[in-house]
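There are 2 protein chains.
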Amino acid sequence: MSGATSFSFKVLAECRDASARAGEITTAHGKVSTPAFMPVGSQATVKTLTPEELAACGASMVLANTYHLYLRPGVDVVRRFGGLHRFMGWTGPILTDSGGYQVFSLASLRRVRDDGVVFRSHIDGSEHLITPERAMEIQRGLGADIIMAFDQPASYGQDLVEVQQATERTHRWARLCLDSHVGQGQALFGISQGGAFPELRRRSAEYVASLGFDGYAIGGLCLGEPKEVMWAMAEETLTQLPKGKARYLMGVGSPEDLVEGVARGIDLFDSALPTRVARNGALFAPSGRRSIRNAEFREMEGPIDPDCDCYTCRTFSAAYLHHLFKAEEILGLRLATIHNLRFVLKLMDDMRRAIAGGDFPTFRSEFKSRYQPTNEQARLAQKRGWLVERHRGKL
Amino acid sequence: MSGATSFSFKVLAECRDASARAGEITTAHGKVSTPAFMPVGSQATVKTLTPEELAACGASMVLANTYHLYLRPGVDVVRRFGGLHRFMGWTGPILTDSGGYQVFSLASLRRVRDDGVVFRSHIDGSEHLITPERAMEIQRGLGADIIMAFDQPASYGQDLVEVQQATERTHRWARLCLDSHVGQGQALFGISQGGAFPELRRRSAEYVASLGFDGYAIGGLCLGEPKEVMWAMAEETLTQLPKGKARYLMGVGSPEDLVEGVARGIDLFDSALPTRVARNGALFAPSGRRSIRNAEFREMEGPIDPDCDCYTCRTFSAAYLHHLFKAEEILGLRLATIHNLRFVLKLMDDMRRAIAGGDFPTFRSEFKSRYQPTNEQARLAQKRGWLVERHRGKL
Numbered sequence: 001m002s003g004a005t006s007f008s009f010k011v012l013a014e015c016r017d018a019s020a021r022a023g024e025i026t027t028a029h030g031k032v033s034t035p036a037f038m039p040v041g042s043q044a045t046v047k048t049l050t051p052e053e054l055a056a057c058g059a060s061m062v063l064a065n066t067y068h069l070y071l072r073p074g075v076d077v078v079r080r081f082g083g084l085h086r087f088m089g090w091t092g093p094i095l096t097d098s099g100g101y102q103v104f105s106l107a108s109l110r111r112v113r114d115d116g117v118v119f120r121s122h123i124d125g126s127e128h129l130i131t132p133e134r135a136m137e138i139q140r141g142l143g144a145d146i147i148m149a150f151d152q153p154a155s156y157g158q159d160l161v162e163v164q165q166a167t168e169r170t171h172r173w174a175r176l177c178l179d180s181h182v183g184q185g186q187a188l189f190g191i192s193q194g195g196a197f198p199e200l201r202r203r204s205a206e207y208v209a210s211l212g213f214d215g216y217a218i219g220g221l222c223l224g225e226p227k228e229v230m231w232a233m234a235e236e237t238l239t240q241l242p243k244g245k246a247r248y249l250m251g252v253g254s255p256e257d258l259v260e261g262v263a264r265g266i267d268l269f270d271s272a273l274p275t276r277v278a279r280n281g282a283l284f285a286p287s288g289r290r291s292i293r294n295a296e297f298r299e300m301e302g303p304i305d306p307d308c309d310c311y312t313c314r315t316f317s318a319a320y321l322h323h324l325f326k327a328e329e330i331l332g333l334r335l336a337t338i339h340n341l342r343f344v345l346k347l348m349d350d351m352r353r354a355i356a357g358g359d360f361p362t363f364r365s366e367f368k369s370r371y372q373p374t375n376e377q378a379r380l381a382q383k384r385g386w387l388v389e390r391h392r393g394k395l
Numbered sequence: 001m002s003g004a005t006s007f008s009f010k011v012l013a014e015c016r017d018a019s020a021r022a023g024e025i026t027t028a029h030g031k032v033s034t035p036a037f038m039p040v041g042s043q044a045t046v047k048t049l050t051p052e053e054l055a056a057c058g059a060s061m062v063l064a065n066t067y068h069l070y071l072r073p074g075v076d077v078v079r080r081f082g083g084l085h086r087f088m089g090w091t092g093p094i095l096t097d098s099g100g101y102q103v104f105s106l107a108s109l110r111r112v113r114d115d116g117v118v119f120r121s122h123i124d125g126s127e128h129l130i131t132p133e134r135a136m137e138i139q140r141g142l143g144a145d146i147i148m149a150f151d152q153p154a155s156y157g158q159d160l161v162e163v164q165q166a167t168e169r170t171h172r173w174a175r176l177c178l179d180s181h182v183g184q185g186q187a188l189f190g191i192s193q194g195g196a197f198p199e200l201r202r203r204s205a206e207y208v209a210s211l212g213f214d215g216y217a218i219g220g221l222c223l224g225e226p227k228e229v230m231w232a233m234a235e236e237t238l239t240q241l242p243k244g245k246a247r248y249l250m251g252v253g254s255p256e257d258l259v260e261g262v263a264r265g266i267d268l269f270d271s272a273l274p275t276r277v278a279r280n281g282a283l284f285a286p287s288g289r290r291s292i293r294n295a296e297f298r299e300m301e302g303p304i305d306p307d308c309d310c311y312t313c314r315t316f317s318a319a320y321l322h323h324l325f326k327a328e329e330i331l332g333l334r335l336a337t338i339h340n341l342r343f344v345l346k347l348m349d350d351m352r353r354a355i356a357g358g359d360f361p362t363f364r365s366e367f368k369s370r371y372q373p374t375n376e377q378a379r380l381a382q383k384r385g386w387l388v389e390r391h392r393g394k395l
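Line order of the protein sequences matches chains R and D.
Sequential numbering from 1 applies to the first sequence in our numbering.
Sequential numbering from 1 applies to the second sequence in our numbering.
Everything labelled a hint here was simulated from the structure, so no lab data went into it.
One should not assume that every hint holds.
Derived coverage of chain R by chain D (criterion: at least 3 residues anywhere in the stretch with Cβ under 8 Å from a Cβ of chain D; other residues may be distant) [stated by the list, open to error]:
no., stretch
1, 37-49
2, 235-243
3, 252-262
4, 296-305
5, 314-324
Using N, Cα and C, we set each Cβ at its ideal position, and we do this for glycine too.
Based on the sequences and whatever the hints tell you, model everything.
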């Protein structure tokens, strides 16, 4: 057991007809009602927003990226502030990822060794080695409430042998992370991998669960694979995870995926999608995503979403938001981000209430009949395009 | 007289040893204590900020650009909202410029005729004609509290004949603007021109003042001319303006220019400088401008300016702001904008108090001994570079 004394998770309500559950995570910086969505603040800021705005959107826990913060501003700077909370002005719970995913997807010239990964910074080309022990040390310096084991995610499309090697390395590293974990108020979550291979997914989850982490993440999904593969792999993994621990599906997501993830018993999610698409002008509405740049909004005096209680919808017309995007004004990026975050955070609220009230299956089917997800072909093309651009350092 | 019944201006205190004065402008949307600085919201948004943030910075009146809003979103859209106040969510006073300066500096293929200017939109190349009458009609649709006469500013470096022609045209247009001004709660200010020619400046001010506007602007300055020329021309103009009317120096400015303008009896200023340089990472501090990107800020736990009461300085360290700029995060642009606006708006506050308290000359000399202005050569090079880039449509 990794043993962070201030950390706990308990299930408060379970859905009779599905695996959905509502619960509560307790950390030294406050409680998180689950299922919960974590906005992503890669560089110690959820893009465009202040901490107060994040809280007003209903965020309870935010995610920050170890890889980014390790390179810039550097752990030494964050440590001077006693950790990320004071540095970024967010007083609630924080989770840091381990950097594994970013090292494998953003850094160049990486060399995977059994003891860690050598890579070059995408910022200045400098060479770095991150080992499981170093990943723990860095995350200790960043001071999040929940930290993640250092892992090697497999890309979608890699063959069985490659994925097997990456998964076994992930397992060895998981043990090393646990061994070097100090605790000090930080909970440590393990990450299971296994690519798109059901048997490997099950074995990975079983092994990682046997090590006794404070919680468990499903890694290596939502990376360009078809949705049915994603859900099949998540389901394989979930069969092996202990019910009494928090389960975290990394990199999800879109409103429709949040609902499907909750239905399968996921407690925690993170994704940059709601904030990223917001900056592209794609706003969540009850019937699905809408582009605020569309001419239909040019003269619309009402808000984007009349049911929404966010600052943007309470204060400004769709026409004004349309104007800000057409005129490429930064305020538009802020207002769209606020709306999309509030939309997914309110969705989580609604799901928690539905689970507690015993009518989650009705909520889920009503949501599905109402909300039109992005077309699967378009989604995959966008996602893969984004992964390529991201790798080229454009994002 | 143009006769907006809800508009008035009164001088409340005068400085014994200088021309500085403190006063109050009353509009249908509230009062403005003068001398006042107006943040610039060219496209119906002060870049990066919400109306609440603007108010928290101490802004009382904002400026919006007729040229920009006429082209996008179009007057028809703003008129649906009953004007800019509801469209942009700013409930305080608003001033719109006439579009003259933008037509002459931003639009391409312009043809100046005696009745107006034909130009092509810098956005889509469409052809437009703006006459003095049309400028009044557009500004009526935008619904600001103070609107400006349509003028032809002269560029620094133009010869006497050119400037004379532009000034005479400005005079004819001023009369036409007054003739077609409806009032309806809108005050109309006249603009005097005259380039860098003292005699022309005096004659222009005298003529425009004779027409009986609600207030008077000094146009065509702060456009790349040396500072001594700017102040000499402003002084020539001021000799001819009635003391009982508000005097507005367009396009100023920097903290040091605001102090010098107030010393000469200016009541109103506008400039995009504080917000523009903020987005470049240049922050106002008691001793002058500092670049937040400098390494000296990398680990600084205190705020940029310990004396500042703005949200940025109350909430975040200089190190965090440094990090945001290095990481090219939008939140950095917001926080810097808030700080710079608060800095100049508090400076105006301090000056109003000093004038009322009878110790403005002391305030001015203390400010001068403390605040190091940007080097004049560097300033002119930056300003001219900016004017060129702006004309090329990069800004």
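*Assertion that chain D covers the stretch 252-262 of chain R - criterion: three or more residues, beta-carbon distance below 8 Å*: violated (count 0)
*For the stretch 37-49 of chain R, do at least 3 residues have a Cβ located nearer than 8 Å to some Cβ of chain D?*
Holds, because 6 residues of the stretch 37-49 of chain R bring their Cβ atoms closer than 8 Å to Cβ atoms of chain D.
_Is the coverage entry for the stretch 314-324 of chain R by chain D consistent with the three-residue Cβ rule at 8 Å?_
Since 8 is at least three, the answer is holds.
*the stretch 235-243 of chain R covered by chain D? Criterion: 3 or more residues, Cβ-Cβ distance below 8 Å.*
Coverage by chain D is violated for the stretch 235-243 of chain R (0 residues, Cβ < 8 Å).
*Within the assertion that chain D covers the stretch 296-305 of chain R, do at least three residues meet a Cβ-to-Cβ distance smaller than 8 Å?*
holds (count 3)
Figure legend: structure checked against the earlier numbered hints; hints not met, in rising order: 2, 3.
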